[in-house]
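Peer 1: The chain contents come next:
Number of protein chains: 2
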Amino acid sequence: MIHNFNAGPSILPKTLFEQASEAVLNYTNSGLSILEIGHRTPTFQAVMDEAKVLLKELMKLDNDHEVLFLHGGASTQFMQVPMNLLSDKETAAYSDTGVWSAKAIKEAKLFGNVEIVCSSKESNYTLIPKDFAVPNDAKYFHITTNNTIYGTQWQKIPHTSNSLVADMSSDILSRVLDFNKFDLIYAGAQKNIGAAGVNIVVINKNCLGKVKRNIPTILDYRNQIKEGSMLNTPPVFAIYVCMLTLRWLKEQGGVDAIEKINNEKATTLYSEIDANPLFKGTVAVEDRSKMNVCFVMDNVEIEERFLQYVKENDIYGIKGHRSVGGFRASLYNALPLESVNYLVELMNDFAQKNA
Amino acid sequence: MIHNFNAGPSILPKTLFEQASEAVLNYTNSGLSILEIGHRTPTFQAVMDEAKVLLKELMKLDNDHEVLFLHGGASTQFMQVPMNLLSDKETAAYSDTGVWSAKAIKEAKLFGNVEIVCSSKESNYTLIPKDFAVPNDAKYFHITTNNTIYGTQWQKIPHTSNSLVADMSSDILSRVLDFNKFDLIYAGAQKNIGAAGVNIVVINKNCLGKVKRNIPTILDYRNQIKEGSMLNTPPVFAIYVCMLTLRWLKEQGGVDAIEKINNEKATTLYSEIDANPLFKGTVAVEDRSKMNVCFVMDNVEIEERFLQYVKENDIYGIKGHRSVGGFRASLYNALPLESVNYLVELMNDFAQKNA
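Quick mapping for you: the protein sequence lines, in order, are chains A and B. Heads up: the first sequence begins at 18 in our numbering, then just goes up one per residue. Heads up: the second sequence begins at 18 in our numbering, then just goes up one per residue.
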């Protein structure tokens with residue numbers, strides 16, 4: 018068995034692969050592959066409907082919040098969010114907590130004024146900024162709730178009177194939050210929601226229709242809301258995989274239940290990092306991400322040997338991002354506690370052999 | 018066996034389903050599903066590279082033409098094309114040959130002037146316009162090479178000195194064309210190239226960088242060219258399915274070989290429509306599509322019975338688009354001649370029983 022710690026696309030529930038594999042051959046005994054069925058059929062409409070209902074239920078969304086399954090990935094949202102929410106002369110507030118935040122900021126500047134209200138760039142993004150104020154007149158305040166590359170996470174969602182917008186690509190559905198407090202949430206599916214190729218947008222519909230610019234049809238959220246995410250042919254299979262993942266999460270007991278396991282996984286691994294003399298964490302302890310655990314060694318040569326050692330022992334995807342180095346273990350929802358325990362064992366063994 | 022005549026998402030080669038199904042369980046014996054591997058791994062890079070090389074080879078593209086695999090579907094291209102190619106005060110020429118052309122025209126108007134140089138709207142889009150002129154100063158001339166809903170197809174690509182842009186969603190790779198004559202070709206994959214969830218763009222790179230506006234990063238083709246279609250996480254599985262489809266097409270002998278079979282399929286079905294007293298074609302004979310064959314009956318009640326009859330006999334996806342009515346048999350590359358022969362038999366049987 019391979020233990021998949023990849024940062025994304027990443028591990029999905031094992032039972033899902035069997036179902037998805039069968040669906041590619043013969044979807045619900047129709048004699049057709051899910052890859053060749055029409056998207057405007059009752060067969061696929063049922064998949065889309067179930068995925069939406071599950072997401073609304075798991076996130077406990079109120080009726081103002083609409084759920085969309087869109088093409089384009091979170092990077093498309095970097096520009097689509099300000100295009101829909103920010104008028105030319107208005108100001109949006111952004112927090113700068115990593116490469117992905119910075120990319121979101123760059124795109125927002127094409128549509129209005131951007132005020133960066135806090136940044137951890139000078140600390141190499143190893144912490145979440147604490148003391149800052151968001152101007153009352155900022156149209157919205159954008160945060161990246163979890164920073165995949167650096168392994169930091171907003172442990173508390175900042176209190177602000179502003180409209181909140183969040184890129185939750187790498188921690189959506191991993192912990193209990195009051196999702197209704199956000200006016201817009203977006204997330205690429207390929208971490209906690211499914212496979213690559215679809216993007217989730219949760220949006221308070223009351224925010225829409227307030228900017229004056231001409232928005233291309235496909236980029237206007239209102240059109241996708243009206244068409245039930247089927248303004249054009251949706252990524253059928255990717256949405257099906259989301260639906261299976263959401264079903265699995267519900268079976269696990271939902272977000273409350275998975276949060277407990279996620280906490281246990283993170284505690285287990287961080288405890289080992291703190292106890293083991295060979296390893297050390299890279300970010301401020303209070304801002305440590307429960308999804309992406311980044312750690313290094315003092316000696317780059319030993320790092321190489323450790324990487325080799327875990328690879329030989331069926332660990333996949335643990336090399337750190339090139340901008341941070343060292344290691345990154347991603348502990349998304351579908352990663353079982355057993356995989357973390359196994360990794361900790363290897364870290365222990367390696368330390369003993371290299372004492 | 019189900020005979021899949023659906024207009025899209027549509028039939029794919031049978032052998033592909035087995036390979037794709039296995040890849041979802043265990044990709045190339047890696048112990049990992051293709052749904053959980055990183056996109057920046059040699060494993061996936063090999064898929065992307067092979068898909069690109071195959072497409073360039075099958076389309077006989079020169080070195081000026083780049084191949085992109087993008088998110089968003091052809092509907093995204095309706096706005097992305099003029100955003101990248103048309104400056105505010107310039108004019109683009111469009112042909113209006115159906116709903117999809119009309120949607121492309123609507124988006125182009127957001128970015129510059131649009132001159133509709135020909136339209137078959139008054140004929141309910143049942144023909145391809147013949148006599149028209151494209152102004153020399155038009156920045157480009159846009160055509161929809163095949164009109165999926167109405168079943169018309171440009172049999173000859175119009176001669177023009179202008180830069181040519183084409184939506185080839187429903188007939189790409191179905192017939193030999195000089196693809197290098199086009200400066201930009203786009204096509205949703207879900208007909209002749211693969212499953213829903215990825216979009217192909219072939220672009221002459223010399224056209225780019227000439228408009229003055231600020232283009233969002235994700236929508237600037239130059240960025241995707243530079244990043245090899247991986248500016249953000251690509252739709253991994255959808256690209257893998259493209260690669261398998263392109264491999265299959267090459268094994269069939271490429272575009273030349275598939276065109277011969279496509280011609281035979283179309284001739285077989287149109288001959289039956291013309292010979293069978295119950296059926297009649299809906300479009301001008303010389304503009305008949307070889308991909309989407311539209312036909313009706315005089316009597317709507319008998320249409321319902323025929324639809325029921327073929328459904329009971331394992332025919333899928335043959336109901337006509339709601340705006341045309343009757344029937345539409347889509348004969349994409351992966352549909353075998355046997356399925357067409359079988360449909361013709363049923364049409365014959367039905368006519369005898371209902372003489």
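It cannot be assumed that every hint is accurate.
Which copy is meant is left open, because identical chains are indistinguishable; a pair holds if it fits in one copy or across any two.
List time: in silico DSS-like cross-link candidates among lysine-lysine, alpha-carbon distance up to 25 Å [said to hold, decoys possible]:
(1) K123 to K243
(2) K227 to K126
(3) K243 to K126
(4) K138 to K277
(5) K267 to K229
(6) K267 to K120
(7) K106 to K126
Derived from the structure by calculation, the hints contain no laboratory data.
Peer 1: Next, verify each hint and record whether it holds.
Peer 2: So, going through the hints one by one against the coordinates:
1. K123 to K243: between (29 Å within a copy, 18 Å between copies)
2. K227 to K126: both (18 Å within a copy, 22 Å between copies)
3. K243 to K126: Between copies only: 22 Å across chains, 28 Å inside a chain, cut-off 25 Å.
4. K138 to K277: neither (31 Å within a copy, 60 Å between copies)
5. K267 to K229: Intra 40 Å, inter 49 Å, cutoff 25 Å: neither.
6. K267 to K120: neither (33 Å within a copy, 40 Å between copies)
7. K106 to K126: Both. Shortest intra-copy (11 Å) and inter-copy (24 Å) distances satisfy the 25 Å Cα cut-off.
Consistency with the previously given hints fails for numbers 4, 5 and 6, ordered from lowest to highest.
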